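> The primary structure of each chain is shown beneath.
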Amino acid sequence: MRSFKNHLSLIIALFTILLTLQIFINVDRTIDIYEKNLNENYSIIVISDINISVNTFRKIDPMISNSEEISPKQVIQKMQKEIKSKSINLHKIKLPKFYRIHLDHFPTPDEVDTVTLELQREGFIKRVESFSHNHTTVYRLLLLFKWVVMIFAVAIFTVTTLLILREMRLWQLQHHERMNIMALFGAPVWLRSAVLFRLAIVDALIATVLVFGAFIAAEHYGISKEALQMIGIQIPLFNPTHDMPILFGVAMSLSIVLASLIVMGHKEEV
Amino acid sequence: MDKVIIAQELSLSYNTSETIINKATFSITSGSFVFITGASGSGKSTLLKSFYGALKPALGELTVGGVQMQGISGKKLNFLRRHIGIVFQDYKLVKEWNIEKNVMLPLLINGYARDVSEIQVKKLLTHVKLNHQSGKYPLELSGGEQQRVAMARALAHNPILILADEPTGNLDEYSSKVIWNLLEGAVSQLKATVVVVTHHIPESMNIGYKHFHIEYGSVYEIV
Numbered sequence: 000m001r002s003f004k005n006h007l008s009l010i011i012a013l014f015t016i017l018l019t020l021q022i023f024i025n026v027d028r029t030i031d032i033y034e035k036n037l038n039e040n041y042s043i044i045v046i047s048d049i050n051i052s053v054n055t056f057r058k059i060d061p062m063i064s065n066s067e068e069i070s071p072k073q074v075i076q077k078m079q080k081e082i083k084s085k086s087i088n089l090h091k092i093k094l095p096k097f098y099r100i101h102l103d104h105f106p107t108p109d110e111v112d113t114v115t116l117e118l119q120r121e122g123f124i125k126r127v128e129s130f131s132h133n134h135t136t137v138y139r140l141l142l143l144f145k146w147v148v149m150i151f152a153v154a155i156f157t158v159t160t161l162l163i164l165r166e167m168r169l170w171q172l173q174h175h176e177r178m179n180i181m182a183l184f185g186a187p188v189w190l191r192s193a194v195l196f197r198l199a200i201v202d203a204l205i206a207t208v209l210v211f212g213a214f215i216a217a218e219h220y221g222i223s224k225e226a227l228q229m230i231g232i233q234i235p236l237f238n239p240t241h242d243m244p245i246l247f248g249v250a251m252s253l254s255i256v257l258a259s260l261i262v263m264g265h266k267e268e269v
Numbered sequence: 000m001d002k003v004i005i006a007q008e009l010s011l012s013y014n015t016s017e018t019i020i021n022k023a024t025f026s027i028t029s030g031s032f033v034f035i036t037g038a039s040g041s042g043k044s045t046l047l048k049s050f051y052g053a054l055k056p057a058l059g060e061l062t063v064g065g066v067q068m069q070g071i072s073g074k075k076l077n078f079l080r081r082h083i084g085i086v087f088q089d090y091k092l093v094k095e096w097n098i099e100k101n102v103m104l105p106l107l108i109n110g111y112a113r114d115v116s117e118i119q120v121k122k123l124l125t126h127v128k129l130n131h132q133s134g135k136y137p138l139e140l141s142g143g144e145q146q147r148v149a150m151a152r153a154l155a156h157n158p159i160l161i162l163a164d165e166p167t168g169n170l171d172e173y174s175s176k177v178i179w180n181l182l183e184g185a186v187s188q189l190k191a192t193v194v195v196v197t198h199h200i201p202e203s204m205n206i207g208y209k210h211f212h213i214e215y216g217s218v219y220e221i222v
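Those sequence lines, one after another, are chains P and U.
Count the first sequence with numbering that gives the first Met the number 0 and you get residues 0 to 269, in order.
Count the second sequence with numbering that gives the first Met the number 0 and you get residues 0 to 222, in order.
Hint data in this document are derived by calculation from the structure and do not stem from the laboratory.
None of the values given here were measured: they were computed from a predicted structure.
Don't be surprised by glycine CBs; every beta carbon is placed ideally from N, CA and C.
Check the hints yourself; a few may be wrong.
To be verified - DSSO-like cross-link-like pairs, simulated, lysine-lysine; straight-line CA separation at most 27 angstroms: (1) U:K128 - U:K176; (2) U:K94 - U:K122; (3) U:K100 - U:K190; (4) P:K266 - U:K75; (5) U:K91 - U:K74; (6) U:K91 - P:K266; (7) U:K75 - U:K100; (8) P:K266 - U:K122; (9) P:K266 - U:K2; (10) P:K266 - U:K94; (11) P:K145 - P:K266; (12) U:K176 - U:K135; (13) U:K135 - U:K94; (14) P:K125 - P:K145; (15) U:K2 - U:K55; (16) P:K35 - P:K224; (17) U:K55 - P:K266; (18) U:K55 - U:K100.
Claimed, not checked - Chain U regions said to be covered by chain P (calculated; three or more residues, Cβ under 8 angstroms): (19) 68 to 79; (20) 86 to 94.
Model the full assembly from the supplied sequences, consistent with the hints where possible.
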């Protein structure tokens, strides 16, 4: 029972840390995908007198990843109602070219201004519409979201550090007497601390498996799935091949650092 | 005869302001039984601590089992301690280990095989009449029983030197008798050297012994 309690105290601390870390990984992953979605939906409209190839756009600004010509069909359809059909071909020729250009990442407001200015500097481009007001609002919202997540991560890191320090003091008390007795009979440091490291490794493994189980269960019951689908995002709550090594690595590192600090801080009673 | 412990002008202190043992010179022969007596706070336990390296000499020289104790490295100290058995007044048993594992501790530290260790532990626990309690934990035993376990642990690895700090201080008559018999047996049968710190030398000692007394920081041999 006593031994179980020894395990439980570290497992709970590690489980809390890993759970928040996995939530942070998921939030970060969601923001990443959300940012990509925003980028896919964001484009700058360019009106030009001449045909412009994607390479020409890229020469103007390397941030431009793609361009597509907007068919003048809609404009022509509007005109059709007002102008006689025989004149339409002429208008077709005289109509400027409309391009929708995409960037390789979701730009900052400054980057939008720079691209706009660079495009406007070219003589053959008549007009550039970057929808900067809408973009800035969305960008600021994304930035705010990122900041909230960052603050959340710092707060979690602080709390978990305190949790680990508290755990360390408890462990020091629990293991000090045994390590002292073993030292009196000439046990080398590795043997004195073997129990501690074994406990740390086993607890790290158990905590990782518990977090894995918790997220698999959450995925099974569809927790947060609807909310994510509403913003067009589909992510696995737990990606075993990617997340498992991270969580196990963190749990192992934390518990081994904890055990090492106890071993280093252990002083024989005189 | 070989000397197991040699002290030359040995001074011991916990801090620089107070000297507990002052320039003591004495030696302890291999295979002898030695008592160290003195009033409370005279430095008996302090002297014993210097023998197992828990306290380093402040001045002078101390050699235990041929090993110089001043400036001894951790590795050398561990090596020396593997040849020493220690018994304390407060037993110092690992509470979360059962009796069998506690007695096995020095054997495992000395690298004995598990099966050999198990046979030795069984033999010792039978000797201290605790074989039927081997699965119990220290706190489930009486003080006398715990001290017998500690005694079995001190003897488990056939040490060359056994150090006992008031081993019968808290015990009833029966347990005290068992402990003295075991310590005598360590000298007569195992040819170990036994150094016991105590307030009172038992009257019914069956073997010859040496007696050192500590007073005002000096160590005298009482002949």
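> Within a Cα-Cα threshold of 27 angstroms, do K145 (chain P) and K266 (chain P) meet the stated pairing?
violated (45 angstroms)
> When you check the alpha-carbon spacing of K266 (chain P) and K75 (chain U), does it fall within 27 angstroms?
holds (17 angstroms)
> Do three or more residues from the segment 86 to 94 of chain U put their C-beta atoms closer than 8 angstroms to C-beta atoms of chain P?
Coverage by chain P holds for the segment 86 to 94 of chain U (4 residues, Cβ < 8 angstroms).
> Is K125 (chain P) within 27 angstroms of K145 (chain P), Cα to Cα?
violated (37 angstroms)
> Next pair to validate is K35 (chain P) with K224 (chain P); report whether the Cα-Cα distance is within 27 angstroms.
Holds, at roughly 19 angstroms.
> Given the hint that K100 (chain U) pairs with K190 (chain U), test it: the Cα-Cα distance must not exceed 27 angstroms.
holds (25 angstroms)
> Would the pair K91 (chain U) and K266 (chain P) pass a check requiring their Cα atoms to be no farther apart than 27 angstroms?
Given pair K91 (chain U), K266 (chain P) holds - Cα atoms ~16 angstroms apart, limit 27 angstroms.
> Mind checking the alpha carbons of K266 (chain P) and K2 (chain U) for me, to see if they're no more than 27 angstroms apart?
violated (31 angstroms)
> Starting from K2 (chain U), check that the Cα of K55 (chain U) is at most 27 angstroms away, please.
holds (20 angstroms)
> Please verify whether K55 (chain U) and K266 (chain P) have alpha carbons no more than 27 angstroms apart.
holds (15 angstroms)
> Given the hinted pair K75 (chain U) and K100 (chain U), is their alpha-carbon gap at most 27 angstroms?
holds (25 angstroms)
> Are the Cα positions of K91 (chain U) and K74 (chain U) separated by 27 angstroms at most?
holds (22 angstroms)
Violation of the numbered hints given earlier is confined to hints 8, 9, 11, 14 and 18; the remaining hints are satisfied by the structure.
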